[in-house]
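Protein chains in written order, with this note's numbering: chain A, 1 to 357; chain B, 1 to 357.
Incorrect hints may appear among the rest.
Same chains, same names: a pair is fine if it fits in one copy or spans any two.
[Unchecked claim] List time: in silico SDA-like cross-link candidates among lysine to any residue, alpha-carbon distance up to 20 Å:
{"#": "1", "residue 1": "K108", "residue 2": "D173"}
{"#": "2", "residue 1": "K108", "residue 2": "E171"}
{"#": "3", "residue 1": "K108", "residue 2": "R67"}
{"#": "4", "residue 1": "K108", "residue 2": "N177"}
{"#": "5", "residue 1": "K108", "residue 2": "G51"}
{"#": "6", "residue 1": "K108", "residue 2": "G211"}
{"#": "7", "residue 1": "K108", "residue 2": "R63"}
{"#": "8", "residue 1": "K108", "residue 2": "A98"}
{"#": "9", "residue 1": "K108", "residue 2": "G170"}
{"#": "10", "residue 1": "K108", "residue 2": "L274"}
{"#": "11", "residue 1": "K108", "residue 2": "A68"}
{"#": "12", "residue 1": "K108", "residue 2": "A120"}
{"#": "13", "residue 1": "K108", "residue 2": "E178"}
{"#": "14", "residue 1": "K108", "residue 2": "T309"}
{"#": "15", "residue 1": "K108", "residue 2": "R169"}
Honestly, the hints are just simulated from the structure, not real lab data.
As the structure is a prediction and not an experimental result, all values here were calculated from the model.
Number of protein chains: 2
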Amino acid sequence: MIDGLEIRPVRGIGDVTPGDDLVELIASAAPWLADGDVLVVTSKIVSKSEGRLVEVPADGPERDAARAAVLVSETRRVVARRGPTTIVQTHHGFVMAAAGIDASNVDKTHLVLLPADPDASARRLRDGFLARGLEVAVIISDTMGRTWRNGLTDVALGAAGIDPFRDHRGETDPYGNELQITQMAVIDELAAAGELVKGKSDQVPVAVVRGFRSAAPATTGAAALLRDAASDMFSLGTAEARATGLLEAAQLSEGSETHLPGLPVDPEAIERALAAVADVLSRTTTVAQAEVLPHNGATAALHLAARDTDPPSLMRLGADAHRLRAALAAESIASVVLPHEDGIRLGLSGLSPAPTP
Amino acid sequence: MIDGLEIRPVRGIGDVTPGDDLVELIASAAPWLADGDVLVVTSKIVSKSEGRLVEVPADGPERDAARAAVLVSETRRVVARRGPTTIVQTHHGFVMAAAGIDASNVDKTHLVLLPADPDASARRLRDGFLARGLEVAVIISDTMGRTWRNGLTDVALGAAGIDPFRDHRGETDPYGNELQITQMAVIDELAAAGELVKGKSDQVPVAVVRGFRSAAPATTGAAALLRDAASDMFSLGTAEARATGLLEAAQLSEGSETHLPGLPVDPEAIERALAAVADVLSRTTTVAQAEVLPHNGATAALHLAARDTDPPSLMRLGADAHRLRAALAAESIASVVLPHEDGIRLGLSGLSPAPTP
Chain A
1 MIDGLEIRPV RGIGDVTPGD DLVELIASAA PWLADGDVLV VTSKIVSKSE
51 GRLVEVPADG PERDAARAAV LVSETRRVVA RRGPTTIVQT HHGFVMAAAG
101 IDASNVDKTH LVLLPADPDA SARRLRDGFL ARGLEVAVII SDTMGRTWRN
151 GLTDVALGAA GIDPFRDHRG ETDPYGNELQ ITQMAVIDEL AAAGELVKGK
201 SDQVPVAVVR GFRSAAPATT GAAALLRDAA SDMFSLGTAE ARATGLLEAA
251 QLSEGSETHL PGLPVDPEAI ERALAAVADV LSRTTTVAQA EVLPHNGATA
301 ALHLAARDTD PPSLMRLGAD AHRLRAALAA ESIASVVLPH EDGIRLGLSG
351 LSPAPTP
Chain B
1 MIDGLEIRPV RGIGDVTPGD DLVELIASAA PWLADGDVLV VTSKIVSKSE
51 GRLVEVPADG PERDAARAAV LVSETRRVVA RRGPTTIVQT HHGFVMAAAG
101 IDASNVDKTH LVLLPADPDA SARRLRDGFL ARGLEVAVII SDTMGRTWRN
151 GLTDVALGAA GIDPFRDHRG ETDPYGNELQ ITQMAVIDEL AAAGELVKGK
201 SDQVPVAVVR GFRSAAPATT GAAALLRDAA SDMFSLGTAE ARATGLLEAA
251 QLSEGSETHL PGLPVDPEAI ERALAAVADV LSRTTTVAQA EVLPHNGATA
301 ALHLAARDTD PPSLMRLGAD AHRLRAALAA ESIASVVLPH EDGIRLGLSG
351 LSPAPTP
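Pulled out of the complex, with its shape left as it was, chain A reads as follows (with noise of 0.2 Å):
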């Protein structure tokens, strides 16, 4: 139960450069610390003191250039673009625009990089305090934009001392039900409230929690927030994931119905397909529910076939069952070609359940 908390500015800090003893810079700043303290380190000191600068060009294209290099080798993957933001997933996990390099609160000729590993940054600083005889947490802090939501807030990056999470997870509610809300991401929220005492020029680069009681030991840092690619359901930006959909589709090839996987079905979702395309098929292309062979991979079959043998036909009904499998394809069927001279017949089968791309 926490019966109130304080959020203090720590200034006076002025300007890190790399080498710098964080820890004692930031106890002469704020003599007032205490145990239990949570410290929100903005993670840009953080890096200058860890020397994690690039020397760029002051201007010019030169500086463009240099710029989009320590972009490329601070990238994992690119997220999504558009116009001139990247949004990357950095090689620490974490999803930014422009993988978090910076350009503010440094000269002209300097890029600051993200601390290579924010939750090692954290111990070290927490480990600093404790040499000197205090226990305090401590998040490394950095600004990011949110989908869905305009402006920026503050979110940790690294943490140590405290744990990232507060688990609701067998709890009730007064009416007796199980909350469903399982884990809050407290060092989240406390990164944000600090960011409202810090501002972003006025060098407050730290600011100081007090009252605030981790629900749990430390086990692990904010590494514990970064969700893999696999289990997010916004891996990719909207246009990014389209143009996937459209790649896949001109890549599917004819196939062969030993690689099927015998799943069933749902002869629904085949209806949905055949709606979808029922508009752009060509006028001599018909397609009919065809017999499935019973030595192979296919559980459904479809076969198509022109109702004119001219060449234009022809073509065009080759192109119809292309249409058809994409359609198939958005609805979960695999499908393989078995051209036949009196047309062509698709072989369907379920997907074992899909990975997300």
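Here the structure of chain A is known, so what remains is to put chain B in place on it, guided by the hints.
Just chain B now, kept in the frame of chain A:
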């Protein structure tokens, strides 16, 4: 310049029922409220006082069906689905799991909906305090998941008497760099800070932040934080957007050259599309650049032909042309089909700057 914040829980509000006067309840529980305080009020008690409750069966499949029906009625559009999770955009514009419908902290025969207009609710509360001679800001908060990060945080659904943003535009840092980070979503950070003293089941539905000064007079509410789907790079889940791409490929009609916008096509983009399908084209299909007729909307053209003219080769040619069209679409190149006796001609054009689906 902020000299520190205090965040206090408001206890003793007790159970809230429809028609309750929240201003009275909060003012009685927190007689220490002062001018300039920011009240962070959990949306749940706002909804309950406003009677935003729906009666549902206490259990069984009837409850599930009723709950599903409520979700549909609260949904403007489905953003993403996976397993039991449905993320939707509500009629307000919030993107939330299950439209923010909640079954906790309410008896088992009711569900709690979000307030109908959280900004209006915030204004009503603020006006109620003003009528008592107290000038406070009000934030209506709720808990949301985020993309890419585990754990939940509280954000602002509604606000009154406070600028939603702190705007750094035009500021320069001590090195003379103009600040890139423009707008901090301070009302979301305040909601997060408030959550730290609230907790989920311990009946602390209000937190008070003291010491925060809004950077500018409030001109809008929390609705200013809503990013519309067209401006958002993540308007759809990855799986949903991929299916959109597949479906788009399925629905590429032959089209007509008169519909092409006549915009230039990047030759490198054509090369990338050709490379993307190189491994799946039939061995009997050939592709070559073709002449553009001067009187149509195509600014580039490709000609596909079959080496053999037997029906299977012609059908494969049709499918290959469609594969290539899907790959071109993935590169934002529009195409139309002109079948000839001796093959298929694709007329190409760039697209006008594309709105995101």
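Going down the list of hints, with the structure as the test:
no.: 1; hint: K108 - D173; in the structure: between (54 Å within a copy, 11 Å between copies)
no.: 2; hint: K108 - E171; in the structure: between (52 Å within a copy, 16 Å between copies)
no.: 3; hint: K108 - R67; in the structure: within (12 Å within a copy, 56 Å between copies)
no.: 4; hint: K108 - N177; in the structure: between (56 Å within a copy, 8 Å between copies)
no.: 5; hint: K108 - G51; in the structure: within (16 Å within a copy, 57 Å between copies)
no.: 6; hint: K108 - G211; in the structure: neither (40 Å within a copy, 35 Å between copies)
no.: 7; hint: K108 - R63; in the structure: within (10 Å within a copy, 61 Å between copies)
no.: 8; hint: K108 - A98; in the structure: within (17 Å within a copy, 47 Å between copies)
no.: 9; hint: K108 - G170; in the structure: between (52 Å within a copy, 17 Å between copies)
no.: 10; hint: K108 - L274; in the structure: neither (59 Å within a copy, 43 Å between copies)
no.: 11; hint: K108 - A68; in the structure: within (16 Å within a copy, 55 Å between copies)
no.: 12; hint: K108 - A120; in the structure: neither (28 Å within a copy, 46 Å between copies)
no.: 13; hint: K108 - E178; in the structure: between (54 Å within a copy, 11 Å between copies)
no.: 14; hint: K108 - T309; in the structure: neither (70 Å within a copy, 65 Å between copies)
no.: 15; hint: K108 - R169; in the structure: between (49 Å within a copy, 19 Å between copies)
Figure legend: structure checked against the earlier numbered hints; hints not met, in rising order: 6, 10, 12 and 14.
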